[in-house]
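Chain A is fixed; fit chain B with the ligands onto it per the hints.
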Amino acid sequence: MEKKKLDEHEAGPIAHPKVDRFGFVKQEANSPDGLTRSRSAFECEREERRIRKWRKMIGVGGSDWKHYLRRKPHVVKRRIRKGIPDCLRGLVWQLISGSRDLLLMNPGVYEQLVIYETSASELDIIRDISRTFPSHVFFQQRHGPGQRSLYNVLKAYSVFDREVGYVQGMGFVAGLLLLYMSEEDAFWLLVALLKGAVHAPMEGLYLVGLPLVQQYLFQFDHLVKEHLPKLGEHFAQEIINPSMYASQWFITVFSYSFPFHLALRIWDVFLYEGVKIVFKVGLALLKYCHDDLVKLPFEKLIHGLRNFPEDAMNPDTLLPMAYTIKVSKRLGELKEEYEKQHGKVSDSRIKQKLQELNCPDAASLQLDGKKICE
Amino acid sequence: MASSVNKNINSKLVLLGDSGTGKSSLVLRFVKGQFIEFQESTIGAAFFSQTVAVNDTTVKFEIWDTAGQERYHSLAPMYYRGAAAAVIVYDITNQESFERAKKWVRELQVQGNSNTVMALAGNKADLLGARKVPAEEAQTYAQENGLFFLETSAKTATNVNELFYEIAKRLPRLQPAPNPSGMVLVDDSHRPAERAASASCCS
Ligand SMILES: Nc1nc2c(ncn2[C@@H]2O[C@H](COP(=O)(O)OP(=O)(O)O)[C@@H](O)[C@H]2O)c(=O)[nH]1
Ligand SMILES: [Mg+2]
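If you read the sequences in order, they're chains A and B. Heads up: the first sequence begins at 1 in full-length UniProt numbering, then just goes up one per residue. Heads up: the second sequence begins at 1 in full-length UniProt numbering, then just goes up one per residue.
Possibly wrong hints are sitting among the right ones.
Said to hold, decoys possible - Mimicking BS3-like on lysine-lysine, the simulated pairs with C-alpha atoms at most 30 Å apart in a straight line are: (1) A:Lys-295 - B:Lys-7; (2) A:Lys-276 - A:Lys-329; (3) A:Lys-295 - B:Lys-60; (4) B:Lys-60 - A:Lys-230; (5) B:Lys-7 - A:Lys-300; (6) B:Lys-132 - A:Lys-300; (7) A:Lys-295 - A:Lys-340; (8) B:Lys-103 - A:Lys-18; (9) B:Lys-169 - A:Lys-300; (10) B:Lys-103 - B:Lys-60; (11) A:Lys-295 - A:Lys-53; (12) A:Lys-300 - B:Lys-32; (13) A:Lys-300 - B:Lys-102; (14) B:Lys-7 - B:Lys-32; (15) A:Lys-295 - A:Lys-276; (16) B:Lys-155 - A:Lys-26; (17) A:Lys-295 - A:Lys-225; (18) A:Lys-295 - B:Lys-32; (19) B:Lys-32 - A:Lys-26; (20) A:Lys-18 - B:Lys-155.
It should be emphasised that the hints constitute simulated quantities derived from the structure, not laboratory data.
With the rest of the complex left out, here is chain A:
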């Protein structure tokens, strides 16, 4: 629509005429980059005020963050839900995920993993490198800096935890992080997430059998039936289950084949509040499109569930809707129910590692014979 205006107003990080604000090469027509309207002067001012507030809140290099967080967790939550300013996103993500602490306490570890270790997953990783965000300028260039850092982070992780190794999907998570921080920072954020520095560890998403994916799908299936009974009924009739449309939501936390501007907003909340936002957003999407979806037969339904209309994916309507959906209590109950049927996903191994990686408190950590935390 407002193509001309749009281009004038886009001061992207890279001077590339066909690239959106986030560095994705634009598709011809309606590229879902969230820039379908230009920003007014008013909005720009508001954005600047917001950035100033945020800067005050986190302090220089994040020095005031912990203090602020302890005093006013609700203010933090509210502000994060409105979206972290893009210029501070990388830093704030590291602060809220706990990865900053891991990094500071483990100097040199990343370098060691990248340079000296070899991984059994190297070929698998290489094969996927050019297939991860292939439409993003940073990752497009063969053997360019983007592809190299993506390779390094994934390889380092596959060495850091050889049991998880490399699993398809991790590349999108790492890729998203790398657009906002350095390799080493991205690596530690991945560690923080998968090992559960702040929230429950998510490595079960990638372990053999994908146990956590299975659990999340089980929980989501029930939540759909409970929150949207009519749609749940329709899914049952058409024999559609969440594994057909939602597995990649969980495996990549919406970083795969979702509009990037929406993915970022979800990640803001995800890192602070945990995985329940993935459930809420998933339910909100279904709720938003409910009246259309209930009418669709199998094939169109599958298509619809993988191609939500652009208005459904506007973060400023979708997220407020997601916040109103309450899932915490049921998620807990459903987890128990799932564990009764299938055993615990968080087996002793994960628990042990979780403890190990509470590095700020734990005395030391041994992993693959190396000290990770001193």
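Leaving out everything else, chain B with the ligands in the frame of chain A:
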């Protein structure tokens, strides 16, 4: 139910095979006639559909393209269970992918439906210079295991439509056999799982 002259059947088809062998590229070629050098890797599974006409019958393939990595194995059964056809893809330049294909064949022979039409596709046939898997070896293996075999190239489109057409021809519903129930000619196998009865009907 009128004896159908122009039949429409729906058939669930699943693509299996190692990651990077070109499953998504084959589907894209078949469904959209395109080839994209850097296709995003498939996370979970993706769904497509395309129709093929065989004589007086239109076969609509409902295609599940799966993620190939070993780790995703646990998600595969729900896609191949009840499939009318399975295409197992390997990369002719990669011996390991051929071994992996054989594993898939064995798994389908044990776990799958015995009526499933199985095809073996040796993809990337345009890369002759880098060939590691001789066509004869694959052909022999296919014969021994009752698979239909073709070498394909998603890149040049060689044998891609042929592959799906040949599968369509081999579907049991298209074989000249009397329909035992004398009833509706409909394949509800796109319903991924257990339930056999289906509401859908042919024309
Ligand atoms: N030369 C050649 N490359 C192919 C062919 N089919 C796929 N590829 C390439 O192989 C890589 C993996 O393809 P993809 O379809 O994503 O594989 P999948 O993981 O099995 O779905 C991509 O880089 C494709 O461009 C082919 O027929 N010939
Ligand atoms: Mg694929």
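Against the structure, the hints come out as follows:
no. : hint                  : verdict
1   : A:Lys-295 - B:Lys-7   : holds, 26 Å
2   : A:Lys-276 - A:Lys-329 : holds, 10 Å
3   : A:Lys-295 - B:Lys-60  : holds, 21 Å
4   : B:Lys-60 - A:Lys-230  : holds, 29 Å
5   : B:Lys-7 - A:Lys-300   : holds, 21 Å
6   : B:Lys-132 - A:Lys-300 : violated, 41 Å
7   : A:Lys-295 - A:Lys-340 : violated, 35 Å
8   : B:Lys-103 - A:Lys-18  : violated, 44 Å
9   : B:Lys-169 - A:Lys-300 : holds, 26 Å
10  : B:Lys-103 - B:Lys-60  : holds, 28 Å
11  : A:Lys-295 - A:Lys-53  : violated, 46 Å
12  : A:Lys-300 - B:Lys-32  : holds, 17 Å
13  : A:Lys-300 - B:Lys-102 : violated, 34 Å
14  : B:Lys-7 - B:Lys-32    : holds, 24 Å
15  : A:Lys-295 - A:Lys-276 : holds, 28 Å
16  : B:Lys-155 - A:Lys-26  : holds, 24 Å
17  : A:Lys-295 - A:Lys-225 : holds, 17 Å
18  : A:Lys-295 - B:Lys-32  : holds, 26 Å
19  : B:Lys-32 - A:Lys-26   : holds, 20 Å
20  : A:Lys-18 - B:Lys-155  : holds, 26 Å
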